[in-house]
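Novice: The lines below spell out each chain.
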Amino acid sequence: MGRIALGAAVLAIIVYLIFPVIVVLAISFSAGNFLTFPPPGLSLRWYLAIARDPEWVSALKVSLQVGSLSAIIACLLGVPAAFALVRYVIPAKALLSALILCALVTPPIVTAISTYLFFVPLGLNNTVLGLACAHAVSGTPFVVINTAASLRSADRNLERAAIIHGAHPIWAVLHITLPIIAPGIVIGAILAFVHSAHELLVASFVLGGLGKPVAVKIWSGVQATSDPTIAAASAILIGLAILTFASAAATQSLARRRNA
Amino acid sequence: MPLLLLLPCLIWISFFFLAPLAAMCWRSLASEGSSLEPYAVLFTSPLYTKVMLTTVKTASIATVGALVLAYPLAYVLTTASRRLRALILVCVLVPYWVDIIVRSFSWLILLGDNGLINRMLMRLGVIAAPLALLYTAASVLVAMIQILLPLATIVLFGAMLRIDRTLLAAAKIHGASEWQAFRTIFLPLSLPGVYGAGLLVFVLALGFYVTPALLGSPRETMIAQTIMVEASQLLDWSQASAAGAVLLLITTVIAALYNRYFSLDRLWGGTDK
Chain R
0 MGRIALGAAV LAIIVYLIFP VIVVLAISFS AGNFLTFPPP GLSLRWYLAI ARDPEWVSAL
60 KVSLQVGSLS AIIACLLGVP AAFALVRYVI PAKALLSALI LCALVTPPIV TAISTYLFFV
120 PLGLNNTVLG LACAHAVSGT PFVVINTAAS LRSADRNLER AAIIHGAHPI WAVLHITLPI
180 IAPGIVIGAI LAFVHSAHEL LVASFVLGGL GKPVAVKIWS GVQATSDPTI AAASAILIGL
240 AILTFASAAA TQSLARRRNA
Chain U
0 MPLLLLLPCL IWISFFFLAP LAAMCWRSLA SEGSSLEPYA VLFTSPLYTK VMLTTVKTAS
60 IATVGALVLA YPLAYVLTTA SRRLRALILV CVLVPYWVDI IVRSFSWLIL LGDNGLINRM
120 LMRLGVIAAP LALLYTAASV LVAMIQILLP LATIVLFGAM LRIDRTLLAA AKIHGASEWQ
180 AFRTIFLPLS LPGVYGAGLL VFVLALGFYV TPALLGSPRE TMIAQTIMVE ASQLLDWSQA
240 SAAGAVLLLI TTVIAALYNR YFSLDRLWGG TDK
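Protein chains in written order, with numbering that gives the first Met the number 0: chain R, 0 to 259; chain U, 0 to 272.
Keep in mind that the hints were calculated from the coordinates and are not lab data. One or more of the hints may lead you astray.
[Said to hold, decoys possible] Computed cross-link-like contacts, SDA-like style, restricted to lysine to any residue with a CA-CA straight-line distance of at most 25 Å:
hint: 1; chain 1: U; residue 1: K56; chain 2: U; residue 2: T43
hint: 2; chain 1: R; residue 1: K92; chain 2: R; residue 2: L75
hint: 3; chain 1: U; residue 1: K56; chain 2: R; residue 2: V104
hint: 4; chain 1: R; residue 1: K92; chain 2: U; residue 2: T251
hint: 5; chain 1: R; residue 1: K92; chain 2: U; residue 2: L3
hint: 6; chain 1: R; residue 1: K92; chain 2: U; residue 2: S13
hint: 7; chain 1: U; residue 1: K171; chain 2: R; residue 2: R2
hint: 8; chain 1: R; residue 1: K92; chain 2: U; residue 2: M0
hint: 9; chain 1: R; residue 1: K60; chain 2: U; residue 2: Y95
hint: 10; chain 1: R; residue 1: K92; chain 2: U; residue 2: W11
hint: 11; chain 1: U; residue 1: K56; chain 2: U; residue 2: V228
hint: 12; chain 1: R; residue 1: K92; chain 2: U; residue 2: F14
hint: 13; chain 1: R; residue 1: K92; chain 2: U; residue 2: L4
hint: 14; chain 1: R; residue 1: K92; chain 2: U; residue 2: N258
hint: 15; chain 1: U; residue 1: K56; chain 2: R; residue 2: Y15
hint: 16; chain 1: R; residue 1: K92; chain 2: U; residue 2: L248
hint: 17; chain 1: R; residue 1: K92; chain 2: U; residue 2: A21
hint: 18; chain 1: R; residue 1: K92; chain 2: U; residue 2: A255
hint: 19; chain 1: R; residue 1: K92; chain 2: U; residue 2: L6
hint: 20; chain 1: R; residue 1: K92; chain 2: U; residue 2: Y260
hint: 21; chain 1: R; residue 1: K92; chain 2: U; residue 2: G157
hint: 22; chain 1: R; residue 1: K92; chain 2: U; residue 2: L17
[Claimed, not checked] Far from chain R, by Cβ distances over 12 Å, these chain U residues were calculated:
hint: 23; residue: S44
hint: 24; residue: L52
hint: 25; residue: K56
hint: 26; residue: V63
hint: 27; residue: L120
hint: 28; residue: M121
hint: 29; residue: A127
hint: 30; residue: A131
hint: 31; residue: A136
hint: 32; residue: L160
hint: 33; residue: R161
hint: 34; residue: R164
hint: 35; residue: A169
hint: 36; residue: H173
hint: 37; residue: L190
The C-beta atom is built at its ideal place from N, Cα and C for all residues, glycine as well.
Working from the sequences, and respecting the hints, build out all of it.
Specialist: Listed below in structure tokens is the structure:
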């Protein structure tokens, strides 16, 4: 009896979680002119509308640039940091961890206005580079967390064996350990990319004028229009999320198979 | 050596995160006239008092709601078979990686006058005219809880995995019913995880912008929206910075509290406190 009630409750909660995602996906394929669910018919017209609209295409391009650049920076910063945090005894480790992670809990509006104010004298506002540098800060924790997890489960004896056989320690890390923990780094990089693609407030302050990224474009659209273009753009982002999840799962199972 | 590895990361965070925050705090003190005026406005104006009250109230209810729904979900995750667990995790994680704007937008469609929920209720004959579901405190909460639920579930699940399940078996051997074993053993042991998840979710809920801006009524503005208006429409950067500094202080205190009791070190394999 209790089990049935629990099962029913969990099912209801999962429907509550998943249903809004399904609604947006369904409406993006709508043949109608308005945001109604269920849609009157199915078509790809709103996806075509996005592909034909230079503003949407440029927004997607900007998001892709900012996202990749910030993910690369996050990896360059995060992977060495993960090594230090996992393998060494460091004084004030808790403080350092807090420092690395705090970008994730700082309210986005606070990060946004402070970044904007700081970028004014530096001339970094309205540049792709500026936004990527700012997004790299919140992307780094994702890389550090996932790299650290891989690093902890990796067998360090392989690296030691290479060193005993005469390899330079740095060579051993680059050629033995790095390939082993690569899946963790990749997952971290993907998460950093998605985080950047979704980020709205810093993006709209730093890059809110011409050449805005997708999140800012969607936000201005959501407030103004009522045709399914937004749903299609949203669905592209959902596709991105599912792709992220699938590739993360695939990398993980690949790594598990290699370890076995 | 470890310092060398951490240095790039620390320099980057100092330059692109801490320095901007310092710049904001500095800006909040550099207004014309009395330098503490923005803070005086913050603590005396009825507008800010109301906004802060709304923010704390909304964030608290959303946190409790997310925890109440996340608890059974996380519990089932710990007991489910491998395949069922994977299926539930997909259902939890996919929405987590769907944009907050998109998820809020979806509720806008569902809760509208012509939305699915109103049409369903009308077809069932429960109501004659569409209910005004949108632009209320309730519509904001429904969306916020859905948005915060995945994170709450994942954090709770992680905490529940650390509970020694043989204790439950031991209780049952000694004659406890399933419910007794849960209530006297599992529930108390899971409470620290609940508090941890609650602090985390509350901090995030305090800073919500998109959801209340899209689904809420102008009478129930949250603090992030007010800061946005001060900065981008009124161009009163001193006032925006002062409000930002106070919000930053509040979240830092809560995050420090979290770190004190639920050591962040754990992520890198440190020991539990």
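Novice: It remains to establish, for every hint, whether it holds in the given structure.
Specialist: Against the structure, the hints:
no. : hint             : verdict
1   : K56(U) / T43(U)  : holds, 19 Å
2   : K92(R) / L75(R)  : holds, 20 Å
3   : K56(U) / V104(R) : holds, 19 Å
4   : K92(R) / T251(U) : holds, 18 Å
5   : K92(R) / L3(U)   : holds, 15 Å
6   : K92(R) / S13(U)  : holds, 17 Å
7   : K171(U) / R2(R)  : holds, 16 Å
8   : K92(R) / M0(U)   : holds, 15 Å
9   : K60(R) / Y95(U)  : holds, 24 Å
10  : K92(R) / W11(U)  : holds, 18 Å
11  : K56(U) / V228(U) : holds, 21 Å
12  : K92(R) / F14(U)  : holds, 20 Å
13  : K92(R) / L4(U)   : holds, 14 Å
14  : K92(R) / N258(U) : holds, 12 Å
15  : K56(U) / Y15(R)  : holds, 23 Å
16  : K92(R) / L248(U) : holds, 22 Å
17  : K92(R) / A21(U)  : holds, 23 Å
18  : K92(R) / A255(U) : holds, 14 Å
19  : K92(R) / L6(U)   : holds, 14 Å
20  : K92(R) / Y260(U) : holds, 15 Å
21  : K92(R) / G157(U) : holds, 22 Å
22  : K92(R) / L17(U)  : holds, 18 Å
23  : S44              : holds, 19 Å
24  : L52              : holds, 17 Å
25  : K56              : holds, 17 Å
26  : V63              : holds, 15 Å
27  : L120             : holds, 15 Å
28  : M121             : holds, 14 Å
29  : A127             : holds, 21 Å
30  : A131             : holds, 18 Å
31  : A136             : holds, 18 Å
32  : L160             : holds, 14 Å
33  : R161             : holds, 16 Å
34  : R164             : holds, 17 Å
35  : A169             : holds, 20 Å
36  : H173             : holds, 20 Å
37  : L190             : holds, 19 Å
Taken one by one, the earlier hints all hold for this structure without exception.
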